[in-house]
Amino acid sequence: MAIGERAMLSNGRLSREERCALLAAATADELIELADICLAEGPDPVVVVAPEVGCVSAQVREPIVRQRFLIGDVLACRAEVELDGVRGWAMRLGDDRAAALAMAVLDAAAESGRDAAGGIARLCERVAARMRCEEAEEWAQLAPTIVEFEEL
Amino acid sequence: MGYSGVRGGMSAILAAEGLVRRARDHAATPWASTEQILLRFRLAVDRIMGEAGLYDEAIAADAFRQAEGDVLEAAHLVRAHRSTLPRLAVSEPVEPAEMVVLRRIVSAHRTPGGPQLLGRTTDYTGRLLERPDGPPPAADDAGAQVPPERTCEQRHPGRFSDLLRELDLLVEHRHGTAADPEPVDVAREPARPPAPRSAVLASMARAETGALVGLWYRSILGPDGAVHEVTLGELRHGRLPLRVIHPHTGNPVVVGVFRATEAEAIEDLDGADEDRTRFDIGYGMCFGHNERKAIAMANLDIAHRRFGDEGSLEQLLLLTTDGLDSGGFLEHLKLPHYVTFRSMMDRKLAGREARGTDDPNPRLPEPFGKEC
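Going line by line, the protein sequences match chains A and X. Sequential numbering from 1 applies to the first sequence in the working numbering. Sequential numbering from 1 applies to the second sequence in the working numbering.
It cannot be assumed that every hint is accurate.
[What the hints assert, rightly or not] Distance ranges between label pairs, derived from CB positions: (1) X/ARG110 to A/GLU138: 23 to 29 Å; (2) X/THR111 to A/GLU41: 31 to 37 Å; (3) X/LEU128 to A/GLY118: 26 to 32 Å; (4) X/THR320 to A/ARG122: 53 to 59 Å.
Calculated from the structure, these hints are not laboratory results. Everything numeric in this text was worked out from a predicted model, so none of it was measured. For every residue, glycine included, the Cβ atom is placed at its ideal position computed from N, Cα and C.
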């Protein structure tokens, strides 16, 4: 089940993992804009782990023998901050350090309750809706290519 | 010039590189942006990601531009870049059943369970060279039609091999969680025969596509005496979620999605010590959309399982299909080998001098290191 679908089913009450997944799919501009708003409401965060670009080794459990193998590495960026005494963590694909730092700020803000206006929840809803919309558009393009060949 | 017995030539080397940079970066034509490459050369980008072993479309596109379209050189650039990066995490095991399919065909069966979804392909139409001056007229927008109702089965279709398993037509290899060895990381430890299956699969996932297809073709033609009758089962291209463990909650969290191509090759078992009433299946998966590679990988996986212990297949798979290994060794031949070759010439001339003596077939000393 796609991330957007799960968020929809959870009826707005996101777990921390669901929120992180949706923030990881948000654009850098969305994250940075909202993080700036959150930061304006209180003291600056302490950067615990500076944004770092690296690899996540992707292991696959193949379905025939059910054995794992490493298909390769995926580029990712992570960061960690402390805001109001609460740790915020972020990891997203790509090498956008500013986006990863902003995402960590938002994770900490959501956990510490600094996001009183509910901007983070609304961003997550917007991202989930966008993912559902993109998937629907994608399916509208793909569906006409379903084929049933006739046997001779 | 650390390799060869020469030095100097720096100004000529820099001038040669300057020719490349000027012609490539300042050609009298609009700059090929990363986005342009991503959208118009997606298969080359995907191939680079797979052969480099690093999934990042923008980096692969930039490498494609820097390498002037040389896919192997681009994969080399990306793999070298990857070697400078820290490892942030190892993902939770990706379950292929979670793939959101963009294309899915099963050529072995008309109704395999779930749709036969052709997706974005020209496989079933004639392809002739087109040379338009600009973008040709837009094709009919298939998306304008009302799509059939979307179901979970359509985006996550069942697996044809599961159907064969239900019919008890498949050799069972699953032995529970007890047999779940840690996967070998071929990026850190080169795999050498005999190697666990995870090393073989990982090596094939980042092998050079042409080398893998060539080795597969050799395996089905049978010069090694192992003839295969293989049918393609699943062939899929789609998106998969990548999860890592959240450091504060200890639960898996999706950090993004990547695209992959997956194939299953069904083999008709016919060996004397094999169960001829059942089929066996080989598996292939690689980054991006690269069907030739995934199909070759699946076929070679089953060939390796059946005949890997007998002949040279495992050695060929592990030692000859990496594009950076083979291409790098070939490329090094272009570096100056003056000293090496001069010593060979000297030996020839010395032999000729020796032949001038009474002995019509003088025995020459072996080169250093080759004496028995």
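How the hints compare with the structure:
no. : hint                             : verdict
1   : X/ARG110 to A/GLU138: 23 to 29 Å : 25 Å, holds
2   : X/THR111 to A/GLU41: 31 to 37 Å  : 58 Å, violated
3   : X/LEU128 to A/GLY118: 26 to 32 Å : 57 Å, violated
4   : X/THR320 to A/ARG122: 53 to 59 Å : 55 Å, holds
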